[in-house]
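Let the hints inform the model, and build the full structure from the sequences given.
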Amino acid sequence: MGDAALKEVHLPISGMTCAACSSRIEKGLNKLDGVHEASVNLALEKAAIKYNPGVTSVEAFEKKIEDLGYAVVSEKAEFELLGMTCAACSGRIEKGLNKLPGVKQAVVNLALETGTVEYNPEQVSVQDMIKKVEHLGYQAKVKTHKDQEIEGYREKEIEKQKGKFIFSLILSIPLFWSMVGHFEFTSFIYVPDMFMNPWVQLALAAPVQFFIGKQFYVGAYKALKNKSANMDVLVALGTSAAFFYSLYQSFLSIGSNGHMVELYYETSAILITLIILGKLFEARAKGRSSEAIKKLMGLQAKTATVLREGEEIEIPLEEVIAGDIIYVKPGEKIPVDGEIIEGQSALDESMLTGESVPVDKTAGDTVIGSTLNKNGFLKIKATKVGKDTALSQIIKVVEEAQGSKAPIQRMADKISGIFVPIVVSIAVVTFLVWYIWVSPGNFAEALEKLIAVLVIACPCALGLATPTSIMAGSGRAAEYGVLFKGGEHLEFTHEITTVVLDKTGTVTHGKPVLTDVLTEARVEERAFLQLVGSAEKQSEHPLAEAIVKGIKDKGITLFNPQEFEAIPGYGIKAKVEGKNLLIGSRRLMDKYDINVKSAKLEMETLEENGKTAMLVAVDGKYAGIVAVADTIKETSRNAINRLKQLGIEVIMITGDNKRTAQAIAEEVGIDFAIAEVLPEGKAEEVKKLQNQGKKVAMVGDGINDAPALAVADIGMAIGTGTDVAMEAADITLMRGDLNSIADAILMSKKTIRNIKQNLFWAFAYNTLGIPVAAIGFLAPWLAGAAMAFSSVSVVLNALRLQRVKVSEKTFNWKG
Amino acid sequence: MKKWAGAAIAYLVLVMACYAAYDSFWAKPEPIPHDIEIENHE
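If you're matching them up, the sequences are chains S and W in order.
The working numbering puts the first residue of the first sequence at 1, with every later residue one more than the last.
The working numbering puts the first residue of the second sequence at 1, with every later residue one more than the last.
Worth flagging that the hints you see were computed from the coordinates, not collected in a lab.
From a predicted model like this one, the values you see are computed outputs, not experimental measurements.
Each hint should be verified, as a subset may be incorrect.
Stated by the list, open to error - Among the chain S residues that face chain W by a calculated CB cut under 10 Å, a handful are:
no.: 1; residue: K160
no.: 2; residue: G163
no.: 3; residue: F167
no.: 4; residue: S168
no.: 5; residue: I170
no.: 6; residue: L171
no.: 7; residue: I173
no.: 8; residue: M194
no.: 9; residue: N197
no.: 10; residue: W199
no.: 11; residue: V200
Here a beta-carbon is modelled for each residue, glycine too, at the ideal position from N, C-alpha and C.
Given below as structure tokens:
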């Protein structure tokens with residue numbers, strides 16, 4: 001079956017604690033019939049599954065995930081339902097909603113006129129549900145925002161973990177105090193008799209072990225039930241060993257006035273406290289790593305004022321449908337993508353295009369959702385809503401990149417998958433070696449070493465190393481206007497040795513502008529331009545548009561031509577204010593016997609500089625020349641210089657003649673230009689460079705360069721973030737500025753360096769920690785602290801990427 | 001969070017109170033070391 005027939009679904013998963021969990025779910029899903037590819041991201045807590053809908057279904061995935069001991073997180077939406085009269089109505093809505101794909105459960109309350117739907121947001125949207133209800137003949141309104149729900153759920157979870165930590169900390173302090181009394185160097189500290197009593201210690205340690213530590217037992221049980229092992233197994237084993245051995249010792253102490261027995265209650269309690277603390281830090285840091293998405297979502301307007309049945313009403317953004325007429329006041333955000341039907345204003349599009357100067361828009365122009373209406377009142381027709389808006393597309397690309405796996409991660413996944421059984425074996429061997437040879441018969445000492453090995457070896461840091469860096473790196477890159485499509489592109493971009501730039505629209509603006517005006521001595525320039533502009537006003541040719549715009553920008557008012565005729569291939573003939581004008585090529589002048597000899601030299605010079613020159617004759621006499629050309633972006637030269645400083649070879653590719661190509665290349669500082677290449681030949685040229693052993697990045701506007709973008713090792717589409725040319729490329733550069741290329745390469749370099757640091761730290765920690773613990777240099781509670789510290793440090797290191805500075809310009813995402 | 005902290009402190013106080021009660025009513029006196037007893041006899 002071709003890829004086209006495959007479907008992809010993303011499921012949010014809860015209950016994963018380490019990389020062993022994610023790889024187990026991944027394996028389980030990949031084993032299902034009809035699953036083409038499944039990958040699970042631990043940091044994002046999401047599974048991405050490509051499947052054949054004819055063979056399997058999302059329900060099967062949910063069941064599999066639940067069978068493995070985890071849960072698929074669903075979202076809840078609440079609706080106000082209008083138009084129901086009896087139980088049959090509510091039943092009908094309920095049935096209708098439950099039939100929608102992605103809806104887990106829909107419950108309708110007739111008395112309250114509300115409906116609650118539990119659903120997977122990846123499969124079905126709130127709008128789909130509203131449409132369904134309306135299709136059934138009722139009305140539905142959203143009661144809550146889904147992002148608030150998720151945020152609420154996360155915050156609640158963090159609050160709960162915080163509470164658990166405080167609870168176990170308070171009960172662990174007396175146990176820690178009692179431990180202090182055992183060390184020689186702290187023996188001067190007074191320890192109350194009460195805390196040395198085994199039964200008091202038992203009473204304090206038991207709630208920590210079984211109430212707070214319940215989550216580890218449950219997690220371990222689920223893992224073992226599925227014949228695998230994870231971090232929970234190690235924690236449960238380690239702490240239980242300490243707790244039950246102490247319990248046994250406590251019973252032995254009966255009758256022997258037990259102050260002298262060796263107890264390890266403090267070990268188990270402190271371990272659990274520290275691990276919960278580590279998890280708390282981790283959860284907070286994980287929340288911060290998805291800040292880029294939150295910022296992007298924050299750009300959206302929350303409500304829109306629409307015209308419904310002749311009335312202006314304010315509705316939540318989710319309820320706006322395509323075709324709605326929307327009113328936007330000055331200072332308000334444009335709610336969705338649309339087209340202006342009335343009014344004019346300057347729009348601040350900086351949040352999406354990076355362009356700091358507001359763009360003037362008037363009736364007929366398109367507007368992008370989430371941009372800011374600066375000063376005019378606008379009436380807009382919604383064209384794209386919900387998941388189709390430009391902003392939603394950008395969010396989707398960033399989310400997918402954050403959730404994707406970099407190839408470097410596969411190795412870490414493989415290792416952490418087999419890690420736990422190996423560690424348990426090492427721990428048992430350590431115990432036996434200590435019990436039989438090192439300290440024969442000393443059960444307590446051997447047990448202590450076993451616990452330390454079990455605890456230090458948790459592979460949490462290993463599992464978090466790559467995904468957290470990818471999340472933070474791709475999020476930060478998005479703030480610079482660089483959208484990586486996947487983790488693999490973020491990983492490979494730093495290997496680029498050669499950057500091939502398409503000329504038109506990449507190095508240059510891609511839009512012709514009026515560059516030169518040359519007039520005969522007898523002709524006054526402003527009057528000349530007024531005539532030319534008025535004549536060209538009627539023409540729809542792009543060059544004519546450039547001339548008219550250039551003249552208008554000079555503040556010259558134009559007349560309406562009395563007569564106008566376009567002569568294809570020659571130019572135009574027009575009558576303005578009683579004067580007969582001819583504007584066009586030499587051929588046009590020849591056709592009407594106009595003498596243009598005096599313009600020959602100037603014309604040639606302009607053409608050598610890559611400009612298109614047009615001759616103008618007024619009342620049968622040559623009067624002057626207007627020239628238009630595609631201009632070079634102001635930032636191109638500096639951007640190319642930055643690439644060169646990074647040691648990257650920069651090549652320009654164009655269909656222009658060699659002389660023009662060379663002139664432009666020299667102007668921007670490119671050493672080598674490949675000229676006279678047809679669009680279809682660009683891919684061939686990229687291949688040639690690759691055959692020379694170069695790693696090539698092709699940068700183009702993503703539409704006519706698609707084959708070259710696909711062939712290149714990394715394809716970069718340069719756009720404004722509004723084009724859905726993102727499909728064609730591996731990276732989308734939202735700012736139409738070549739500086740983004742260097743930003744992308746630097747971001748990739750920094751992310752890869754960060755991943756390597758994380759992996760090194762995680763591996764070093766485990767490979768050094770295990771022998772140190774086995775030899776006996778690490779007390780179990782220290783092992784616990786080190787374990788918690790390792791996960792937290794890996795996440796914090798990844799978060800450094802959020803503050804990385806690769807260039808001066810970031811996007812204003814303050815919302 | 002306050003609830004969790006309150007519950008933990010209440011529980012800790014309860015455990016300490018139980019120990020104090022046990023200590024004052026039912027705990028046996030510490031046995032006097034044998035050599036000290038002999039010394040006293042002499």
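**Prompt:** Taking 10 Å as the limit, does the beta-carbon of G163(S) come near enough to a beta-carbon in chain W?
**Reply:** G163(S) check passes; min Cβ-Cβ to chain W is 3 Å, inside 10 Å.
**Message:** Hint validation: K160(S) versus chain W, beta carbon distance must be below 10 Å. Holds or violated?
**Reply:** Given a least distance of 9 Å, the restraint on K160(S) holds.
**Request:** Grab the minimum C-beta distance from I170(S) to chain W and call the hint holds if it beats 10 Å, violated otherwise.
**Result:** 4 Å, holds
**Prompt:** Can we keep the W199(S) interface hint, with Cβ of chain W closer than 10 Å?
**Reply:** 8 Å, holds
**Prompt:** Does I173(S) meet its interface restraint, that is, does its C-beta lie within less than 10 Å of any C-beta in chain W?
**Reply:** 9 Å, holds
**Item:** Interface hint compliance - L171(S) to chain W, C-beta minimum distance less than 10 Å
**Value:** Because about 6 Å separates L171(S) from the closest Cβ in chain W, which is inside the 10 Å limit, the hint holds.
**Message:** Let's test the interface hint: is any C-beta of chain W closer than 10 Å to that of V200(S)?
**Reply:** Cβ of V200(S) sits 5 Å from chain W, so the hint holds.
**chain W contact restraint for F167(S) - C-beta distance below 10 Å** = 4 Å, holds
**Request:** Classify the hint on M194(S) as holds or violated, based on whether any CB of chain W lies nearer than 10 Å to its CB.
**Result:** 5 Å, holds
**Item:** Satisfaction of the S168(S) interface hint, Cβ to chain W closer than 10 Å
**Value:** Because about 8 Å separates S168(S) from the closest Cβ in chain W, which is inside the 10 Å limit, the hint holds.
**Item:** chain W contact restraint on N197(S) - CB to CB distance below 10 Å
**Value:** Holds. Min distance 6 Å.
Going through the hint list in order, the structure satisfies each hint without exception.
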